[in-house]
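Take a look at the letters that make up each chain.
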Amino acid sequence: MINKLVRNAEQALLGTSNNMTFMFGGFGLSGIPENIIKALSKKDIFGLTCISNNAGVDNFGLGLLLKRKQIKKMISSYVGENEEFERQMISGELEVDLIPQGTLAERCRAGGAGIPAFFTPAGFGTEVQEGKEVRVFNGKPHILESALTADFAFVKAWRGDAAGNLIFKGTARNFNPLMAMAGKITVAEVEELVPVGKLDPNQIHTPGIFVQRIFEGDYYEKRIEQRTVRKKE
Amino acid sequence: MSLDKNQIAQRIAQELQQNMYVNLGIGIPTLVANYIPKDIDIEFQSENGVLGMGPFPYEGEEDPDLINAGKQTITTLPGAVLFDSATSFAMIRGQHVQLTVLGAMEVSENGDIANWKIPGKMVKGMGGAMDLVASAENIIVAMMHTNRFGESKILKKCNLPITGVKCVKKVVTNLAVLEVTENGFKLLERAPGVSVDQIKNATEAELIVIGEIPEMEL
Numbered sequence: 001m002i003n004k005l006v007r008n009a010e011q012a013l014l015g016t017s018n019n020m021t022f023m024f025g026g027f028g029l030s031g032i033p034e035n036i037i038k039a040l041s042k043k044d045i046f047g048l049t050c051i052s053n054n055a056g057v058d059n060f061g062l063g064l065l066l067k068r069k070q071i072k073k074m075i076s077s078y079v080g081e082n083e084e085f086e087r088q089m090i091s092g093e094l095e096v097d098l099i100p101q102g103t104l105a106e107r108c109r110a111g112g113a114g115i116p117a118f119f120t121p122a123g124f125g126t127e128v129q130e131g132k133e134v135r136v137f138n139g140k141p142h143i144l145e146s147a148l149t150a151d152f153a154f155v156k157a158w159r160g161d162a163a164g165n166l167i168f169k170g171t172a173r174n175f176n177p178l179m180a181m182a183g184k185i186t187v188a189e190v191e192e193l194v195p196v197g198k199l200d201p202n203q204i205h206t207p208g209i210f211v212q213r214i215f216e217g218d219y220y221e222k223r224i225e226q227r228t229v230r231k232k233e
Numbered sequence: 001m002s003l004d005k006n007q008i009a010q011r012i013a014q015e016l017q018q019n020m021y022v023n024l025g026i027g028i029p030t031l032v033a034n035y036i037p038k039d040i041d042i043e044f045q046s047e048n049g050v051l052g053m054g055p056f057p058y059e060g061e062e063d064p065d066l067i068n069a070g071k072q073t074i075t076t077l078p079g080a081v082l083f084d085s086a087t088s089f090a091m092i093r094g095q096h097v098q099l100t101v102l103g104a105m106e107v108s109e110n111g112d113i114a115n116w117k118i119p120g121k122m123v124k125g126m127g128g129a130m131d132l133v134a135s136a137e138n139i140i141v142a143m144m145h146t147n148r149f150g151e152s153k154i155l156k157k158c159n160l161p162i163t164g165v166k167c168v169k170k171v172v173t174n175l176a177v178l179e180v181t182e183n184g185f186k187l188l189e190r191a192p193g194v195s196v197d198q199i200k201n202a203t204e205a206e207l208i209v210i211g212e213i214p215e216m217e218l
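Read top to bottom, the protein sequences are chains D and P.
FYI, this note's numbering numbers position 6 of the first sequence as 6, with every residue one higher than the one before it.
FYI, this note's numbering numbers position 204 of the second sequence as 204, with every residue one higher than the one before it.
Keep in mind that the hints were calculated from the coordinates and are not lab data.
The C-beta atom is built at its ideal place from N, Cα and C for all residues, glycine as well.
Honestly, I wouldn't trust all of these hints.
Which residues of chain P face chain D? A partial, calculated answer using Cβ under 7 Å [unchecked claim]: (1) Tyr35; (2) Pro37; (3) Lys38; (4) Gly49; (5) Pro57; (6) Tyr58; (7) Ile67; (8) Thr73; (9) Leu77; (10) Asp84; (11) Ala86; (12) Phe89; (13) Asn138; (14) Lys157; (15) Pro161; (16) Ile162.
Footprint (simulated), chain D over chain P, 3 or more residues, beta carbon under 8 Å [said to hold, decoys possible]: (17) 123 to 136; (18) 163 to 170.
Given these sequences and hints, build the entire structure.
In structure tokens form, the structure reads like this:
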């Protein structure tokens with residue numbers, strides 16, 4: 001067994017520096033690496049390119065890094081929940097690359113799987129197509145999209161072990177397994193670190209080979225963006 | 001009487017068929033789940049990674065690890081399954097999801113849809129909409145016939161940046177059910193009490209009207 005265990009978020013961030021490209025798992029605020037983001041927001045590193053489906057909200061998630069202007073460029077599919085984001089984008093302080101969600105997921109997967117580019121129908125005939133090669137397969141036009149990788153990929157899992165094996169819970173899985181594959185250094189924070197051998201090998205979502213560092217998070221707020229309930233009849 | 005949002009959803013629910021996998025967008029489309037005909041089995045897919053989505057949770061039973069693509073708390077039904085975002089879009093791009101219901105700002109007579117960006121005003125991103133419209137076999141748009149300035153959203157050509165080309169099959173609005181044909185919008189049904197002329201007046205695109213147009217049955 002190769003031991004990937006680090007003590008905490010600070011130690012997991014060793015080697016991060018200005019102008020790096022980071023990936024962050026999560027959809028909305030669900031399944032985001034809360035402890036890593038908090039630790040990054042206390043570090044003096046700037047000029048970051050961040051790849052994440054969303055950009056957090058004003059005072060939580062990636063919103064914390066936006067507030068300190070640590071992010072130079074965001075690569076996302078949907079960024080509608082954050083006023084500071086909108087302000088920085090409109091004023092030109094923040095570069096933004098918006099790409100279709102399925103394309104974003106596949107670009108991360110491809111990056112981790114050694115596939116440099118692929119054709120997809122998503123975005124054909126739209127602004128997303130601009131500057132990209134178009135080819136027709138089975139009578140349908142597709143556009144060429146390139147793979148994404150990152151200096152660091154930060155993911156969050158439900159359970160994990162020192163070998164880096166991960167199990168996710170609910171819809172908090174989302175982009176996490178794909179980004180775990182695409183990081184030069186992948187850091188996983190988990191709600192519960194379990195002894196090696198305790199996870200059923202049949203049930204592991206992300207094999208430890210994709211993970212370089214792992215630690216148990218101190219605390220998870222798990223904020224809900226749209227609490228929606230029904231009344232008991 | 002033009003329809004309200006719930007009635008638009010109710011009319012769209014009539015398009016659901018036995019054993020369909022369906023993706024519902026944010027807004028009016030989400031309401032479709034409230035009107036599934038009792039005698040048919042449907043599974044709802046949400047692109048953030050769940051198939052077999054159930055109703056909203058009871059108060060106190062919300063789980064932050066269980067949300068839909070609109071970031072609302074949800075529940076799962078027996079037989080549900082959870083997966084990552086690449087698998088989710090494999091279901092969508094690979095046409096395993098049979099019906100997509102989406103909201104829109106504009107639809108044009110060749111089936112183009114615009115629903116992701118208003119230049120200079122709203123730039124929130126396309127989310128999964130571009131992947132959905134590029135691949136779904138059947139796309140139904142749920143929207144109001146006109147915008148809040150009374151201008152038609154049913155157009156000869158979209159003015160806003162488009163989300164996808166030649167993809168919409170049907171449009172259900174507060175006034176009418178329209179089918180996108182090779183020759184343009186064909187009027188299929190009227191909202192109860194709404195005349196063909198009222199629909200024509202609210203529509204910028206040409207309408208193909210053949211014979212008597214029935215009222216929607218709700």
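Cross-check of the supplied hints:
1. Tyr35: The hint is violated - Tyr35 of chain P has no Cβ within 7 Å of chain D, the shortest such distance being about 15 Å.
2. Pro37: violated, 20 Å
3. Lys38: Violated - the Cβ of Lys38 of chain P stays beyond 7 Å from chain D, reaching only about 17 Å at its closest.
4. Gly49: Holds. Min distance 5 Å.
5. Pro57: Hint holds; Pro57 of chain P Cβ to chain D Cβ min 6 Å, cut 7 Å.
6. Tyr58: Tyr58 of chain P check passes; min Cβ-Cβ to chain D is 5 Å, inside 7 Å.
7. Ile67: holds, 5 Å
8. Thr73: holds, 5 Å
9. Leu77: violated, 14 Å
10. Asp84: With Cβ-Cβ at 5 Å, under 7 Å, it holds.
11. Ala86: holds, 4 Å
12. Phe89: holds, 3 Å
13. Asn138: violated, 16 Å
14. Lys157: violated, 13 Å
15. Pro161: holds, 6 Å
16. Ile162: holds, 5 Å
17. 123 to 136: Holds, because 11 residues of the stretch 123 to 136 of chain P bring their Cβ atoms closer than 8 Å to Cβ atoms of chain D.
18. 163 to 170: holds (count 3)
Violated hints, in rising order: 1, 2, 3, 9, 13 and 14; the structure is consistent with all others.
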